[in-house]
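Undergrad: Spelled out, the chains give:
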Amino acid sequence: MNSLITLPLLIPFFTAIILVFFAKNIPVQRWISTIGSISTIIAAVFLAITVYTDGIQTMNLGNWEAPFGITLVSDMTSILLVLTTSLIAFVCLLYSFRSIGKEREEFYYYPSFFFLVLGVNGAFTTGDIFNLFVFFEVMLMASYVLLVLGGTKIQLRETIKYLLVNIISSGLFVMGVAYLYSVVGTLNMAHISLRLHEMGQSGIVTVIAVLFLIVFGIKGALFPLYFWLPGAYYAPPAPVMAMFGALLTKVGIYSIARTYTLFFTQDVGYTHGLLEILAIFTIILGAIGAIAYSDVKKIIIYNIIVAVGVILFGVATFTPESLTGSVFYLIHDMIIKAALFLLIGIIIKVAGTSNLKEMGGLIHRYPGLGWTFFIAALALSGIPPLSGFMGKILIVRAGIDAGNYWGSGIVLLSSLFVLFSVMKIFINGFWGEAREYKQQEKVPVKWLLTAPVILTICAVLYGLGTEALYPIISTAAETLSNPEIYINAVLKE
Amino acid sequence: MSLLHLAIISPLILAIFIPFVHKTFPKIHTGWFLLPLPVLLFAYFLSFLSTTINGQTTMETLAWIPTLGINFTVRLDGLGLLFAMLITGIGALVVLYSIYYLSKEKEKLNQFYVYLLLFMGAMLGVVLSDNLIVLYAFWELTSFSSFLLIGYWNHRERSRYGAQKSMLITVFGGLSMLGGIILLYLMTGTFSISEAIVLADVIVNHELFTAALLCFLLGAFTKSAQFPFHIWLPDAMEAPTPVSAYLHSATMVKAGIYLVARLTPIFALSGLWIWLVAGIGILTLFWGSFNAVKHTDLKGILAYSTISQLGLIMSLLGLGAASLHYSTIDAGFYTVAVSAAVFHLLNHATFKGSLFMMVGIVDHETGTRDIRNLGGLMTIMPITFTIAIIGAFSMAGLPPFNGFLSKEMFFTGMLRAQEIGFFNMGTLGILFPIIAWVASVFTFIYSMIIVFKTFTGKFQPEKLKVKPHEAPLGLLISPVILVSLVVIIGLFPNLVAPLINTVMASILPGMEFDVHIYHWHGFNTELFMTIGVILAGILLYKFMPKWTGVYTRMPERFSFNSAYDNGLAAIQKGANRFTNAYMTNSIRTYLIYIFAFFIFTLGTTLIVKNAFTLDTSNVASIHAFEVVLVVIIAVGSISILFAKSRMTTIILLGAVGYSVSLFYAIFRAPDLALTQLVIETVSVALFLLVFYHLPKVSRHEETRQFKMGNAIISVGVGVVVTMIALSAHSGKAFDSISQYYIENTYKKAAGENMVNVILVDFRGFDTLFEIAVLAIAALGIFSLIKLRLTRGKEQ
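As given, the protein sequences belong to chains A and B, one line each in that order.
Following the working numbering, the numbering of the first sequence begins with 1 at its first residue and continues without gaps.
Following the working numbering, the numbering of the second sequence begins with 1 at its first residue and continues without gaps.
By construction, these hints were calculated from the structure, which means they are not laboratory data.
Incorrect hints may have been included.
[As the list claims (entries may be wrong)] Think about it this way: if two alpha-carbon atoms lie no more than 27 Å apart in a straight line, the pair counts; the simulated BS3-like pairs of lysine-lysine are:
no.	chain 1	residue 1	chain 2	residue 2
1	B	K542	A	K446
2	A	K161	B	K707
3	B	K542	B	K453
4	B	K748	A	K492
5	B	K294	B	K453
6	B	K106	B	K546
7	B	K108	A	K102
8	A	K492	A	K357
9	A	K492	B	K747
10	B	K696	A	K161
11	A	K357	B	K467
12	A	K424	A	K446
13	A	K349	B	K786
14	A	K357	B	K573
15	A	K442	A	K424
16	A	K446	A	K349
17	B	K748	B	K644
18	B	K463	B	K573
19	B	K644	A	K161
20	B	K458	B	K573
21	A	K492	B	K786
22	B	K108	A	K442
23	B	K294	B	K23
24	B	K453	B	K463
25	B	K23	B	K106
26	A	K424	A	K357
27	B	K453	A	K153
28	B	K23	A	K442
29	A	K24	B	K696
30	B	K294	B	K542
31	A	K424	B	K108
32	B	K106	B	K467
33	B	K573	A	K424
34	A	K442	B	K106
35	A	K446	B	K23
36	A	K446	A	K492
37	B	K644	B	K696
38	B	K609	B	K732
39	A	K161	B	K463
40	A	K153	B	K696
Just so we're clear, the structure is a prediction, and the values are computed from it rather than from any experiment.
I would like the entire structure built from these sequences, with the hints used as guidance.
TA: Listed below in structure tokens is the structure:
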């Protein structure tokens with residue numbers, strides 16, 4: 001029992017509540033937000049250290065023994081994601097201070113922001129499948145608010161689509177939980193895992209597994225369920241885009257990774273085979289989308305989809321090595337996507353357009369922006385020694401080792417398309433003759449740039465420090481590949 | 001960290017300081033601050049020469065990711081040393097040259113030198129790393145520094161084009177090589193080259209062997225601009241000339257050759273390796289030299305010439321690899337190809353480097369590189385002319401320069417190809433000397449073009465932008481040093497023979513070599529071939545206008561270049577069309593995708609897994625009023641689809657909702673029934689209130705087809721959901737945990753209503769956050785009503 005585990009949830013929760021009362025006082029809101037965000041990071045760091053030294057931490061809420069109450073579980077995967085989320089949230093918050101605008105700040109931008117963090121951290125931490133649904137709802141509701149906040153035409157249009165798709169997926173989620181409950185008679189994730197392992201292979205469980213794949217696939221932007229994403233992510237302002245791009249799909253991916261390692265491991269040939277095929281198609285279609293447009297937002301948005309495929313390909317391969325690769329890649333992708341979205345936010349701000357055909361020569365005026373983007377782009381493409389490399393190489397190696405040559409080849413080759421798509425931004429947006437822009441004055445970007453610079457530095461260190469990270473991340477993957485560790489930690493007799 | 005590591009990293013470290021130095025000392029050309037480094041490094045590597053020649057290799061390891069077998073291991077043997085000396089030696093000359101070439105007022109020198117240093121460090125890393133992952137990291141760094149250098153004058157469209165092209169092709173190769181590295185790891189369990197070499201015999205029959213071989217070769221061929229990947233190199237000439245001399249002729253493009261040489265001990269046991277390396281090499285040799293002749297831009301000619309010469313070295317390495325198939329005694333017969341390769345590698349760096357610098361001088365002093373505008377510069381620029389003539393004659397293979405010697409050895413190597421008694425070499429091997437000879441004729445021709453079209457003939461000052469004069473001393477030093485080497489090596493080739501021996505020992509381990517290079521071999525086939533080249537070359541050069549028509553006969557649109565251009569454009573356009581086609585922006589389409597997928601996968605799974613079960617053993621009997629309720633719900637739901645006004649829709653929805661709550665009542669869940677009733681009442685009332693203010697429903701009639709499609713999907717979803725529900729119910733495998741709640745609601749939670757206790761105690765956490773969800777929704781709706789940013793404000 002460790003109540004530290006609740007802090008990454010409760011701090012954002014109470015911060016959000018307090019913020020509601022200071023809606024009109026922007027400086028106070030900013031201070032509270034900063035304090036709340038930093039405290040969340042500190043709590044997550046402490047929790048991470050505890051998990052690393054003492055193993056999985058659990059907490060039975062209301063002291064109802066597992067599996068009867070709700071249990072929060074913090075294993076390495078979970079706490080790493082919570083930590084990354086908290087860090088990204090802090091950085092996006094810094095960026096928001098200078099860019100989101102007074103109107104949105106007065107209308108509950110910050111509370112909604114913290115509710116989103118609460119939902120995401122909760123989803124990563126909970127050990128109860130129905131509670132996962134609840135945190136999905138918290139996260140989604142906050143994301144609806146953030147998406148529509150401001151009420152511009154494009155926001156309204158895209159929110160309604162986003163809302164509909166997600167309500168349907170939530171409905172399917174509840175159905176899935178109900179079916180699963182009917183079969184195994186429990187909601188605690190460790191307990192479900194235990195009972196499913198006792199059961200062995202069963203047709204209906206496989207069907208439920210596929211249903212969960214569809215539910216989480218919709219959130220996680222898996223082929224052919226991601227169609228809602230490019231439109232929805234296109235609409236909001238940059239920091240919200242960064243939060244969405246870095247965090248929301250990752251919750252879906254995490255849920256697939258969790259359920260497909262903890263629950264549905266009885267018919268791997270079928271369930272994981274299906275996941276593998278879908279992951280490969282996700283990569284292909286994402287890569288095609290990424291090179292299809294000359295709009296910087298769309299380019300990065302389609303790159304989210306590519307990464308979803310890469311990570312899930314590793315999950316589908318389902319070996320300790322591939323899972324290590326997936327966790328490596330997952331965290332890398334969260335950091336680098338947040339950085340890239342913030343960067344293109346600045347690019348659009350200084351260029352006054354998101355269309356590459358109307359840009360050019362930005363590097364002459366904004367060298368810092370240009371080089372940060374360049375490094376972030378290389379990290380995204382998995383160029384060593386930056387952050388994307390290790391995860392990719394582990395995923396590919398495990399894939400080949402498992403005999404999946406085609407899939408591994410596609411993962412490898414996708415890097416080229418990713419690189420092409422982001423370098424297009426560098427070559428056409430930053431290089432070339434400077435264009436006449438609406439703003440003749442140089443837009444001050446120093447403060448805005450701090451946020452993506454912090455993240456890019458994280459990405460560089462993440463790659464260089466692989467040796468230090470490896471034991472941590474392989475611990476995470478070990479828990480994923482050995483459900484017994486998780487089960488024992490939760491249901492310790 | 002050893003001194004060797006420091007030597008590799010030092011350019012990267014210096015690169016960090018260059019921008020500060022540039023800012024602090026704007027009056028001094030930044031190049032001067034750089035120059036000492038490559039000179040020092042050259043001296044440092046030179047100090048290894050004697051020990052390395054004696055057969056010692058130096059190895060130092062710096063742990064990076066030891067857990068995964070990735071360490072920054074530096075291994076300095078003959079091959080690595082030769083390259084390291086080329087990189088630092090030519091590097092020093094190029095930096096010196098660039099100081100006079102690039103103006104400190106006009107150019108962004110800080111950027112230029114940062115890129116150049118990045119490249120230098122990366123290239124040293126490539127040739128000295130024993131660990132393949134580290135090698136790959138440096139390999140990509142060379143690609144990107146090359147990308148930045150080609151795009152140095154990025155306001156030019158051609159520069160951006162060339163930079164992108166080189167990046168795409170070389171990074172593609174790099175990724176392929178990474179694939180090869182992973183495959184090799186799976187076979188050998190190591191990333192270390194020297195450890196993998198030991199296992200070469202073991203892995204040759206591995207199922208992944210051929211795939212790994214192909215992956216590595218793709219990497220090598222793209223980097224070294226081998227046919228048909230050569231197309232990036234001519235466009236890389238958009239870089240400033242010092243860069244072309246350094247990266248795109250002397251060093252980076254030889255990384256592929258380095259890789260082939262380095263991996264020969266691992267892969268040469270395969271006939272495929274020999275065939276591919278030799279075959280692609282000889283093809284590149286021919287194609288490069290054949291195409292060089294048609295160009296009028298001096299740098300264009302040199303680019304194709306470089307392609308061709310790289311092919312020459314590649315083909316030699318391929319044929320030389322055959323010697324690993326023989327016992328030591330017979331092998332000597334083929335090792336001559338390898339010694340020719342190493343020797344020519346060195347020679348090429350000297351003469352091609354000087355030629356590039358010469359072209360840079362001509363460009364710098366006349367303002368053009370187009371041979372149609374040049375001519376008669378011999379008297380105006382005598383020193384430059386001398387450089388040109390030595391460099392070009394050496395390239396053409398004329399005595400007494402070093403190019404002659406390696407060309408002769410090259411012919412020997414090619415002639416022996418047909419003696420290789422396996423892999424069909426006996427029959428097809430005869431092609432090697434023939435193609436080599438033809439290619440050499442073209443090499444001779446373009447070498448002559450470079451010299452004579454530039455320096456002899458009519459002087460055309462009216463076509464030049466500036467008044468030409470001899471270059472300043474600073475520009476001349478570097479090429480003069482290089483041509484001196486051309487002459488010295490040409491006259492005393494055995495000065496470098498020990499080095500060649502050592503390098504060969506790295507490529508063909510376990511063999512003894514004793515290379516001696518002679519000018520005079522007697523009247524043998526090689527000599528006659530050279531004489532033939534000269535005669536045929538002079539003839540063809542004299543009658544050039546008569547036959548250059550062949551070049552226009554090859555339509556541009558069938559060239560590899562246009563294949564790349566059109567391919568890239570087509571891919572992007574196709575991707576755009578394809579993506580736009582399925583991304584309709586319509587939520588209806590997206591839902592159709594989602595539900596169709598839902599039906600398909602779940603339906604298939606149900607069937608394939610034979611998962612549908614119906615177990616009625618534990619089911620209550622159905623009463624008449626339940627049937628009535630179901631009918632009401634069904635009729636109500638279906639009628640909603642046909643409702644014409646909002647009012648009707650709401651009332652029908654309400655009816656369905658109330659009927660559902662009756663079900664709760666029947667199934668003994670009075671709390672739920674009450675809740676549902678309240679919700680229905682409130683929502684119907686609210687809807688009615690709100691809808692009063694809305695305009696009339698405008699429902700345009702959809703097509704029949706559309707409706708049918710939707711109907712099928714709806715029914716399908718319903719059927720699948722029902723089937724899964726029935727199966728899930730029938731598939732109960734365990735007792736539910738609810739028994740615990742029944743037992744403990746009062747005992748432990750002190751509540752009398754179990755549902756309430758579950759909601760507020762057992763699962764109070766859920767409820768807390770469900771309430772939070774409502775609060776968030778309230779905030780959202782409030783803001784949605786109050787805050788409406790217009791488009792203008794948004795900007």
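Undergrad: For every hint, state whether the structure bears it out.
TA: Now for the hints, and whether the structure bears them out:
Of the pairs offered as hints, the one joining K542 (chain B) and K446 (chain A) is violated, with about 64 Å between alpha carbons and a cut-off of 27 Å exceeded. As the CA atoms of K161 (chain A) and K707 (chain B) are separated by approximately 20 Å, the hinted pair is consistent with the 27 Å bound. Among the hinted pairs, K542 (chain B) with K453 (chain B) is consistent with the structure: their alpha-carbon atoms are about 12 Å apart, no more than 27 Å. Under the criterion of a C-alpha separation no larger than 27 Å, the hint pairing K748 (chain B) with K492 (chain A) is consistent with the structure, at around 21 Å.
Between K294 (chain B) and K453 (chain B) the alpha-carbon distance is near 13 Å, which keeps this suggested pair within the 27 Å criterion. Restraint check for K106 (chain B) and K546 (chain B): the C-alpha separation of about 44 Å exceeds 27 Å, so the hint is violated. Of the pairs offered as hints, the one joining K108 (chain B) and K102 (chain A) is violated, with about 41 Å between alpha carbons and a cut-off of 27 Å exceeded. About 60 Å separates the Cα atoms of K492 (chain A) and K357 (chain A), which puts this hinted pair outside 27 Å; it is violated.
Of the pairs offered as hints, the one joining K492 (chain A) and K747 (chain B) holds, with about 24 Å between alpha carbons and a cut-off of 27 Å not exceeded. Pair hint K696 (chain B) plus K161 (chain A) holds up; C-alpha atoms about 22 Å apart against a cutoff of 27 Å. Note on K357 (chain A) and K467 (chain B): the hinted pairing is violated, with a Cα-Cα distance of about 40 Å set against a maximum of 27 Å. The straight-line distance between the Cα atoms of K424 (chain A) and K446 (chain A) is roughly 24 Å, inside the 27 Å bound, and the hint therefore holds.
This hinted pair checks out: K349 (chain A) and K786 (chain B) have alpha carbons roughly 26 Å apart, not beyond 27 Å. Proposed proximity of K357 (chain A) and K573 (chain B) is supported: the alpha carbons are some 15 Å apart, at most 27 Å. Annotation: proposed proximity of K442 (chain A) to K424 (chain A) holds, straight-line Cα distance about 23 Å (limit 27 Å). A C-alpha spacing of about 13 Å is found between K446 (chain A) and K349 (chain A), which places the hinted pair at or below 27 Å, so the restraint holds.
Between K748 (chain B) and K644 (chain B) the alpha-carbon distance is near 54 Å, which puts this suggested pair outside the 27 Å criterion. Restraint check for K463 (chain B) and K573 (chain B): the C-alpha separation of about 41 Å exceeds 27 Å, so the hint is violated. Between K644 (chain B) and K161 (chain A) the CA atoms are separated by roughly 24 Å; this keeps the pair inside 27 Å, and the hint holds. Proximity of K458 (chain B) to K573 (chain B) is assessed by CA-CA distance (about 49 Å); at most 27 Å being required, the pair is judged violated.
In summary, the hint linking K492 (chain A) to K786 (chain B) is not supported, as the alpha carbons are separated by about 52 Å, beyond the 27 Å threshold. Of the pairs offered as hints, the one joining K108 (chain B) and K442 (chain A) holds, with about 20 Å between alpha carbons and a cut-off of 27 Å not exceeded. Between K294 (chain B) and K23 (chain B) the alpha-carbon distance is near 45 Å, which puts this suggested pair outside the 27 Å criterion. With a CA separation close to 14 Å, the supplied pair K453 (chain B) and K463 (chain B) stays within the 27 Å bound.
Pair hint K23 (chain B) plus K106 (chain B) holds up; C-alpha atoms about 15 Å apart against a cutoff of 27 Å. About 11 Å separates the Cα atoms of K424 (chain A) and K357 (chain A), which keeps this hinted pair within 27 Å; it holds. Taking the CA atoms of K453 (chain B) and K153 (chain A), the gap is near 66 Å; set against the 27 Å cutoff, the hint is violated. Taken as a hint, the K23 (chain B) and K442 (chain A) pair is honoured in the structure, with Cα atoms around 21 Å apart against an allowance of 27 Å.
Proposed proximity of K24 (chain A) and K696 (chain B) is contradicted: the alpha carbons are some 38 Å apart, above 27 Å. This hinted pair checks out: K294 (chain B) and K542 (chain B) have alpha carbons roughly 15 Å apart, not beyond 27 Å. With a C-alpha separation of about 23 Å, the suggested pairing of K424 (chain A) with K108 (chain B) holds against the 27 Å cut-off. Taking the CA atoms of K106 (chain B) and K467 (chain B), the gap is about 20 Å. The hint holds against a cut of 27 Å.
Distance restraint check for K573 (chain B) and K424 (chain A): the Cα-Cα separation of roughly 14 Å lies within the 27 Å cut-off, and the hinted pair is therefore satisfied. Our distance criterion of 27 Å between C-alpha atoms is met by K442 (chain A) and K106 (chain B), whose separation comes to about 23 Å. For the hint linking K446 (chain A) to K23 (chain B), the alpha-carbon distance of about 20 Å falls within 27 Å, and the restraint holds. A distance of roughly 52 Å separates the Cα atoms of K446 (chain A) and K492 (chain A); the hinted pair therefore is violated under the 27 Å criterion.
Our distance criterion of 27 Å between C-alpha atoms is met by K644 (chain B) and K696 (chain B), whose separation comes to about 10 Å. Distance restraint check for K609 (chain B) and K732 (chain B): the Cα-Cα separation of roughly 17 Å lies within the 27 Å cut-off, and the hinted pair is therefore satisfied. Straight-line distance between C-alpha atoms of K161 (chain A) and K463 (chain B) comes to about 65 Å, which puts the hinted pair past the 27 Å bound. At most 27 Å may separate the alpha-carbon atoms for a hinted pair to count; K153 (chain A) and K696 (chain B) meet this at roughly 22 Å.
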